[in-house]
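K.L.:
The listed protein sequences correspond, in order, to chains V and B. Taken in order, the first sequence gives residues 1 to 296; the numbers are from UniProt numbering. Taken in order, the second sequence gives residues 1 to 339; the numbers are from UniProt numbering.
Rather than coming from a laboratory, the hints here were simulated on the basis of the structure. Every value quoted in this text rests on a predicted model; they were computed, and no experiment measured them. Please note that the accuracy of each hint is not assured.
[As the list claims (entries may be wrong)] Just a sample of chain B residues kept apart from chain V, beta carbon distances all over 12 Å, derived: (1) GLY45; (2) LEU57; (3) PRO65; (4) GLY80; (5) ILE113; (6) GLU197; (7) ARG206; (8) THR242; (9) TRP251; (10) ARG332.
[Claimed, not checked] Now the in silico label distances, taken between C-beta atoms and shown as ranges: (11) V:TYR189 x B:ALA18: 35 to 45 Å; (12) V:ARG17 x B:VAL133: 36 to 46 Å; (13) V:ALA123 x B:ALA26: 15 to 25 Å; (14) B:LEU78 x V:TYR189: 47 to 57 Å; (15) V:ALA123 x B:ASP335: 27 to 37 Å; (16) V:ALA49 x B:VAL143: 19 to 29 Å; (17) B:ALA176 x V:ASP289: 51 to 61 Å; (18) V:ALA60 x B:GLY186: 39 to 49 Å; (19) B:ASP335 x V:VAL130: 27 to 37 Å; (20) V:GLY24 x B:GLU94: 55 to 65 Å; (21) V:VAL63 x B:ALA18: 53 to 63 Å.
Positions of the beta carbon are idealized from the N, C-alpha and C atoms, including for glycine.
If you want the building blocks of each chain, they are given just below.
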Amino acid sequence: MRAWLLAEEPASPWQARLGRLYLGWRRLCSNPLALLGLALVLLLMLLAAIGPWLAPHDPAAQVLELRLRPPLTPGYWLGTDELGRDILSRLLCGARITLGIVLLTVAIVVPLGLAIGTVAGYAGGWVDTVLMRLTDIFLAFPRLILALALVAALGPGIDNAVLAIALTAWPAYARLARAETLLLRRADYIAAVRLAGASHARIVVRHVLPLCLPSVIVRATLEMAGVIVTAAGLGFLGLGAQPPSPEWGLMIASGRKVLLDSWWVATMPGLAIFLVSLGFNLLGDGLRDVLDPRQP
Amino acid sequence: MRPARLPGAVARRTLELAATFLGLLAVTFVIGRLVPIDPALALVGDRASASAHAQALHELGLDQPLWRQFLGYLGQVLQGDFGVSRLTSNPVAEDIARVFPATVELATLATLIGVLGGVPLGVIAALRQGTWVDHAVRVASLVGYSVPVFWFGLMGLLVFYARLDWVAGPGRLDLAYEGLVEPRSGLLLLDALLAGEWAVLVDAWRHIVLPASILGYFSMAYLARMTRAFMLEQLHQEYVLTARVKGLAEWRVVLRHALANAAVPLVTVIALSFGHLLEGSVLTEIVFAWPGLGSYLTQALMSADMNAVLGGTVVIGAIFVGLNLLADVLYRWLDPRVR
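So that you can see chain V by itself, here it is in the shape it has in the complex (with noise of 0.2 Å):
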């Protein structure tokens, strides 16, 4: 099987791809804090895909006399917060919040982002001038305020916060898909594949686009930590996840309120966040190494 990965003459291009998935793979490997970073989100998707089955209260169940039992209660392993819920079900329910936030913004921002910037880099001439002036306002802009005020106009919600994140992250990927594919254009096997009769649209889709993903593989992961920060802030604000939702930034917000007789409330789903996004961002940071080694 190695043997056959590392052929010097793969038989098939499925072969030769494989066998470069295999040498990265080999790479990520010899980097134990990108494998640490993996192992994390891999935990997060596991913990989304099970979580409320593994969790051991229902979420939203309140008990009152069991209110603000500190870690370590029997059955309450991470102690229960003000209204007496488990916080260990909670943070359990909420990953899937969290993943569902960070896949759908990725969903919205990256084709987006690529279109735009793919776009603009090919047609040049005025269509670039254009869509970059436009990407350079939404840069401009920093990102949390623009968010805010954006909520603040559609009104709060999960959705709501989900779309203003989107409308702000895009820009960043048109860039570096514009930049790509400043590079690509002038390339001879572009100038070959025209003058086989391929169209535009299809220069860019088949060949152009591909060559810009490991770039924006790498910014999309790196991104995804912002991602669950900025969503966590908003949550918050109170301009995200409304309660009783166990978003955990809105755990926070409200361990916040019994911060300093109740430490935990607020501690255990920061922490969630802060390894989630930690995982992401040492996953994104060896995948650069693999997949795009010009980066310092």
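Given chain V's structure and the hints, the job is docking chain B onto it.
P.N.:
Positioned in the frame of chain V, the structure of chain B alone reads:
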């Protein structure tokens, strides 16, 4: 080479940024129109007749075509008029001028902490590339990228205020010291120093040191990574080798040669990170009850005071654009090749 290029390039860049600022105003204008609140209805009440409603619409200028409304908005903003805040009944511009110094004070101190910590760390990491020092700095930076600032603030309050009592709690001053110093610059530390009120100075310091350190850590994380990258780029250049071969002391090679050249891109990065601190201060101010622009903005958000929200957004956006310009000018001024 040709000094005449500097003013021309700066003028072009200024024009570009003016266009960006115009776009920024267009975005805030559109956000303002997205609000599902009818201001005319709010004015006359829902039992008013259709003609009274139309009258109110006309008085507010809302019956005009959108582009005329935008021109009106543009004219107002350029005169520094953001309308009246519903929450405080003051002109928004006045409110912002009142709360802004508190934010500037916080962000400035945080930037100082970030530079004094981040630049040396980045230099050391670059010199010891691949060793445990480098990895430690890398992890410390990634932690800074991953921690939610508001949670970090809460944990800081919990440990350093509630448990250890090393610093004062939320707010800018203890109640007992409120109003003792005449606000000249609005920067409390500076005002207390000028007035010679040492007790106020100490109290203000005890209040600002924790939020500034928390914010400063984020700036430090960013600056350490950037410094490391810039330094590595310089240390691999041939002039560094020449300097070493010449027998210069290592500290001289590193500080006078490599760092001096790395400082050019670094200065622009510091200017930009100051802008990000203004943004990060929104959440920090909430946690520390810091009476700055961030607190003002969020209070306005909570009560759907759109004039205040958009005014604050425009001001912060304008500062961002200004810092971009400053970074660009500094870069051109410091780098003789661009000059």
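K.L.:
Hey, does GLY80 of chain B actually stay past 12 Å from chain V on C-beta?
P.N.:
holds, 19 Å
K.L.:
Kindly confirm whether 15 to 25 Å is satisfied by the beta carbon distance between ALA123 of chain V and ALA26 of chain B.
P.N.:
At 23 Å between Cβs, range holds.
K.L.:
The hint says 36 to 46 Å between ARG17 of chain V and VAL133 of chain B; measuring C-beta to C-beta, is that right?
P.N.:
holds, 38 Å
K.L.:
Going by Cβ atoms, does ARG206 of chain B stay more than 12 Å from chain V at every point?
P.N.:
Holds, because the least Cβ-Cβ distance between ARG206 of chain B and chain V comes to about 18 Å, which exceeds 12 Å.
K.L.:
Would you say ARG332 of chain B is clear of chain V, with no C-beta pair closer than or equal to 12 Å?
P.N.:
holds, 19 Å
K.L.:
Closest CB-CB distance from TRP251 of chain B to chain V, is it above 12 Å?
P.N.:
With a cut-off of 12 Å, TRP251 of chain B remains clear of chain V, as the shortest Cβ separation is near 24 Å.
K.L.:
Range hint 35 to 45 Å: satisfied by the CB atoms of TYR189 of chain V and ALA18 of chain B?
P.N.:
holds, 41 Å
K.L.:
Within 27 to 37 Å or not, the Cβ separation of ASP335 of chain B and VAL130 of chain V?
P.N.:
holds, 30 Å
K.L.:
CB of ALA176 of chain B to CB of ASP289 of chain V, is that within 51 to 61 Å?
P.N.:
holds, 55 Å
K.L.:
With 39 to 49 Å as the target window, see if ALA60 of chain V and GLY186 of chain B comply at their CB atoms.
P.N.:
At roughly 46 Å between Cβ atoms, GLY186 of chain B and ALA60 of chain V fall inside 39 to 49 Å, so the hint holds.
K.L.:
May I ask you to test the hint 55 to 65 Å on the CB atoms belonging to GLY24 of chain V and GLU94 of chain B?
P.N.:
holds, 58 Å
K.L.:
Beyond 12 Å from every Cβ of chain V: is that where the Cβ of GLU197 of chain B lies?
P.N.:
Given that every Cβ of chain V is farther than 12 Å from that of GLU197 of chain B, nearest at about 30 Å, it holds.
In summary, the structure agrees with every hint in the numbered list given earlier.
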